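Which chain is which? The protein sequence lines are X and C, in order.
Numbering follows the working numbering, in which position 163 of the first sequence is assigned residue number 163; successive positions increment by one, without gaps.
Numbering follows the working numbering, in which position 14 of the second sequence is assigned residue number 14; successive positions increment by one, without gaps.
These are calculated hints, taken from the structure and not from any lab test.
Quick caveat: nothing in here was measured; it's all calculated off a predicted structure.
In this text, a Cβ means the ideal position worked out from N, Cα and C, and glycines have one as well.
Some hints could be false.
[Claimed, not checked] Selected chain X positions facing chain C (in silico; Cβ < 7 Å): (1) Thr40; (2) Pro44; (3) Leu250; (4) Ser254; (5) Pro256; (6) Val303; (7) Leu360; (8) Val428; (9) Glu430.
[Stated by the list, open to error] If you want the ones that stay clear, here's a sample from chain X, every Cβ over 10 Å from chain C, calculated: (10) Ala144; (11) Lys227; (12) Val439; (13) Arg447.
[As the list claims (entries may be wrong)] No more than 25 Å apart at the CA atoms, straight line, and that leaves these computed lysine to aspartate or glutamate pairs for DMTMM-like: (14) C:Lys14 with X:Glu258; (15) C:Lys45 with X:Asp361; (16) X:Lys365 with C:Asp103; (17) X:Lys365 with C:Asp84; (18) C:Lys76 with X:Glu49; (19) X:Lys365 with C:Asp100; (20) C:Lys30 with X:Asp267; (21) C:Lys14 with X:Asp351; (22) C:Lys56 with X:Glu258.
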Amino acid sequence: MRTCKVLVPAGVLGAGVDDLEMDYALWLRPDAIGIDGGSTDSGPYYLGEGVSKMTEKAIASDLKKLLRLRQALNIPLLIGSSGTCGTDGMVDWMAAICQRVAKEENSKIRVALIYSEQDRDVLKCYASNGRITPLAPAGAIDAATLDRCDHIVALAGYEPYAEALRQGADVVIGGRTTDTAVLAAVPLMRGLPAGPSWHAAKSSECGSLVAANTSRSSAVMMLIDEKGFEIQPMEKGVYCTPQSVAAHLLYENSNPYELTEPGTILDTRAAHYHQVSETTVRVEGSVCREIPYTLKLEGSGKVGYRTMVFSGISQPDVLMNFDTWLNNLSEFLTNGIEKVLGYTEDDYSIDFRPYGWNALDPHNKPTSDYQPREVGLMTLVTATSQAIATEIIKYCNPYILHFPLKKGGSLPSFAFPYSPADVELGPVYEFQLQHVVHVNDPMELIRIDWMEI
Amino acid sequence: MANLVNIAKNIRSKNAGPFWITVDIFCDDKISMQKIVQLLHRKQKTIAEIYNVDPKTVVIFELADILAVKVSFPRKIPQGGALDRDSHAGQAFVPLLILDLED
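Construct the entire structure; sequences and hints are all you get.
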């Protein structure tokens, strides 16, 4: 029976690949190593700014271990969603790290670079031809939405990875790609069935988070054959159970039965799970059905700049009348910002988040008998420029420090935890797109380039 | 006491992409799972009000094999935007804990 083993060395590149787990994996002789370098999980900043959440040092440390393992077995290493957001700039950044590490290791490799960042004007043509459609809960696309984005990426499917491997890549460094496509690429290109290949990839994409007793995203091995797949953690003492593997489909997924990938839908309704060894679970019965080929788009655009003050309040008279005090402060500052600085609601917004009161659930006021020992008040100003945001918060600063409970009452001094009290938080980005683009060919909006080391 | 928190084994919430939130409720047995499923369907409108979304967009999944119930709904404020206060929606489940089974 044909089989294919893919090692997933961690949930994300830079998390810390473990030497013992790699030794064990080496002994099991995988056919490929696959790992992703990012997702949208950490918010819109990374894509908006085009930067990585993981540091160069952490990524280089993991890459060194993976390049050694790859060389020892002469197997391909596939990296998806480079630098968290997977922009073209982040593919080049990852390529430069890989080049440096490979030179230090004296390893000669052929590296394919897969670019999936999109040009806004090209997408406008697709949009005007009706080839960009929304996913719930988004509305129809328009040019203004595309214009709001600082970076737009498409989530590539497995096909560019398979193509790069067919052209002789030892290492593939990809831009934004679905987490699963990177892991499913080798089994699929070897002709293994789509259901088990995609389902195995979905189960392994966060590393050992699929296990029953893990405390970090350590390595797992996925083995795909013609009837199903098996999943085995590499960390000593960590095991999967049928329940843990089945439950992983719930994680971060709005629909637990169906997973849409470019050109295919994985349906796990008929999947059945059973324990085949102390640590390993086998899954059979998942199927895929073909759908028109689409690439999901992600876009992030700047909406302003923020500056923050954080203050601590514990004096009981203020906490006993907290809503009144905060409303008075808010009203006073809004008036003052207009009178003194000349800014109106069009120029800025001010947002009070009282931690210990109702910061996480602002529409739900505490009951009248609730009095916390302390409240941490975060005051956030968002404005059209960093300078304006800071100017406004600097005006607010003395009132946030001293605002009295009653007009004419004695001036309190609340607790500023650091100096300076105002902290510039930089640009704020928001995700702008929840759409797919319809393509005739998986490579239509994807480019492959090469680097010999 | 007969609130959701008293009958569920474990409850968690998480962002599911930038525009959705999903709540996973794990149950001890089939009987409590059925009670929870009925509660969620009965309270679909209340749940929609808590998260300020259209009740029709609140989706409830039953996973009998693993004794789990899943509630997914669109996110009123997209993840990590200027007004968002819980990027990973990890605390979004908390208002559901006091849903009353007898109400």
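Hint check against the structure, violated hint numbers in rising order: none
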